[in-house]
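Enquirer: Sequence:
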Amino acid sequence: MKKISICLILFWGVVQVSAQKDSIYIEAKLSPDRKSLEVNQEIVYYNHSDKDLNTVKLLNWVSAYNKRGTSLVYRKLEDRNNDLHFAKNDELGKLLELNIKNSENQEIPINTISDENLFLPLNKALKPGESITLQLQYKMLLPDKKFTGYGTSSQITALKYFFIVPDHFDPDNISQNNYHDIEEPVSFNTFWTVNFDIPVNNFIEGNLHQVQMNSFKGYLDSDPEFLISQTAYPSITTSVDGSNTLVKFGYNLKPEEKQNLEFYLPLHLKFLKEKLGFLPESIFISDKFRAKEDFFGNNDITFWKFRFQLFTDAEKTDLDYFGIITKKILDENIIADKQKDHWFKNGLKSYIEIQYLNKFYKDTKLLGTLPESKLFGLKPLKLFHASKVKLLDRYGLAYQYIMLQNLDQKIDENFAVLSNFNDMAISSFETGSLFNYSADKIGDSTFNDLVKSYISQNSGKKINPEEFLKELSKKDKSTNYLTDFFKQKNRVNFKLKRIKKENDSLQIKIARNTDASIPVKLETETREGEKKEYWIENEENERVKDFSLPASDNIYKITLNNGYIFPESNYRDNFLYAKGIFSNTKKIKLKLIKDIPNPEYNEIYISPRVRFNNTYDKFLLGVNLKNQSFFDQKFLYSFTPMYSTGTGKLTGSGAVSYSFLPAESIFRSLTFGASGSYFHYDYGLAYRKGSLFSNFNFRKNPRSTVSRSVGFSYNYFERDLSPFMIANDDYKKYNLWSVGYGYSDNQMIHEKSFSLSAQGMEDFNKITAEGFYRWEFAPKQKLSLRLFAGYFLRNDTRNNLFDYGISRVSNYTFSYNLLGESASSGLLSQQFILADGGFKSFIPGTVNQWITSANVDSSVWKIFHVYADAGIYKNKDMPAKFIWDTGVKVRIIPDFLEVYFPIQSSLGFEPSFKDYAKRIRYTLVLNLGSIINAARRGWY
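Count along the sequence shown starting at 1, add 403, and that's the number in the working numbering.
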């Protein structure tokens, strides 16, 4: 009997320890103006680590909204959002009061209540498995809801991450963990009791089970979320296999949206139960969660007053909410450290999404019904390969797009350093594609059973996704590669080398650039469209595989991994023809307009070109031949023969380049190329330019706005000379070499850049340095400072062609886009290029020894700025001279079209000059690439 009693006691102790869960009791009162929250709270915290604890860490994340310089503010600036940086004091969130007592009712000292991490000293060590009870009383000001979607507004208060709680993903209680607004979970295995006192005529909803009107209670493996509003929001109850699931919405639904949801939600939940094996009793969807997890790329395209619909409203509701519901269920039921294991839930979401699309949208196009739109009775989009790309292809295409720029990141990269685009393209799409690839290989049912089993076995426990990969490899050893695959940037490529007929069979040679044992899916197709699929496996270190198929199958085309199903570095060598004049080669296709690339063909884009070059060539009419699609390529060529309407002669340009894109290196790209051009720089005078160049771009953090590069170039110039120029022994031919380093940081608030270069030829050598800084001191109000310095190490030139400019640049490299290259009067001569001295007033002369200058520009009101320039320059055998100017700048299109009105300068009060109209300057930048780069900041 005694032994039985001891056994029962031991058993009960084991049960007690294994069942230890933290509990949090909260009494919260929201003020009538919705600005402040008073909280009485009790935390029962267990030591879940395997060591004694001398401190307990509590997360005080409302302090992330307290001031400039927090991790949250910095991340928002990375995302090109400066609202929180410029927030008014009454819009910020902060902890106003905090009192904490321990189990013995003793007050625990706190150094500061403005820190996001509060480390509480304990009187005695808390041993593993033991608990401590903490009593908290605190009052906070809630931040404005516009910053993160959480906080308060005049109508709605959204509460998440504001209560002070332990960090369950740091059981040792030692690491700093700041709030970044990335939906990072911090609580799990916790029993919550939350009672609210809210203003009258308000309603409250949340993701915790509601037991009374304003009271909630229950276990959560995620963080509690509540919405207090003056409106009661809708909900929909759905029955699947006899069990009900309540879907609650934190926003209003349009009548047709609700009607569509009542039809689609049962389909969604039934499909998800088949894949996951369970459904929750309730699901709460906030407006913020909906915006983050909806289906990317199904929105209508709006342009000016026109609206083009890709998908019907019902289809958009279906696609959006399937992803939203899927991710919500995964988030609420899988406990994962988002920083390290983000890819598991994101990948599962994309995998299930792919499965759903395969079932209901298998043949739907990426552009939906848009290609069917008519213009003057025609369907112009049908000319594009993009009109034929399937919706399912989006997962592989997104990876291709970012990988070809070498801006992708490894799948298990820490989430905090993932770019916004890679959050989608890598963590979600690439991982989901790999899960789907594995499911296709081992069988969907086998993979789905493994997912169900893994989630069930780890219910209530923090997962380790590597264990899932190990279980997957036990099912099929061909998935062994995934563990290493997730830990590095991959450039795996399968290549069809050749197809050869031998007797009654086709011998197919497949090469790969990796020693890993990765299966490949081969698809054959006859001329009649009959398709067959084969999985080909290889051993480790086996880089070439021979595969045989019966010649009687009448095979016409062979494809590897068709439909971007595997994240390869190059799909262009995955297609070969077994018959016809293009057997063992790729077909050539001529296209008129840039498009999503079709890897089955060698595409040449032939597009007409009309552009204004300068006042001498006037309009150039021609055609451009290039191989560059919407996606970057390593090898690029572009040739543009053109007819000059100003001279009646043929002109043009051409370039060839090749880029090396090492996946793991200090360099992001190493580009080598050659180019040539022939245009006119004066009436009846042409120039010919030939260049050899190389650019080394250093690797950058895709979230960072910092870029660094080194460039080398050699240029040969030949110019036609006028009789006057010949008489003055001007330069007809000259060679220039140059080397330079560039650094730029285009972050918001503090934008800066620096460049250092050296240039030379047989008659001179000079070095140039330029620094730029722009400070946004108020919303859309900026102050900029540019510093320039140039020095001739040697100058034996025959004239001033290579001199530094003061207010005009000498375009001897023909690299500036000047409308009037040699214009000395008239409107074209008034074009301003911010280079060399950078003076806006027409201060005469050039510099042949050294110059330093400073250019200052500041916002005043809306599009109006004031500017000032000052500098010192020295010419040979002349004393140094100080010059300056001031004026007003009007930014019509910032950084692209700006007009300068000089006021006072070294020349005097310029508005009093009779020729003042001729002294007004302007900048005009006609560079589409610059506009695109400005628009995509914050994504990567």
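Everything labelled a hint here was simulated from the structure, so no lab data went into it.
Predicted model, so just to flag it, every value in this text is computed and none were measured.
Backbone N, C-alpha and C fix where the C-beta goes; we use that ideal spot for every residue, glycine too.
Some clues are possibly wrong.
[As the list claims (entries may be wrong)] Distance ranges between label pairs, derived from CB positions:
hint	residue 1	residue 2	range
1	F681	F606	42 to 50 angstroms
2	K454	N702	47 to 55 angstroms
3	R1201	T1048	31 to 39 angstroms
Enquirer: Hints first: check each against the structure and report whether it holds.
Expert: Structure-based check of all given hints:
1. The hint said 42 to 50 angstroms for the Cβ distance between F681 and F606, and at roughly 29 angstroms that hint is violated.
2. The hinted window of 47 to 55 angstroms between K454 and N702 holds, with their beta carbons roughly 51 angstroms apart.
3. Taking 31 to 39 angstroms as the suggested C-beta distance range, the pair R1201 and T1048 conforms, at roughly 34 angstroms.
In terms of the numbered hints stated before, the structure departs from hint 1 and from no other.
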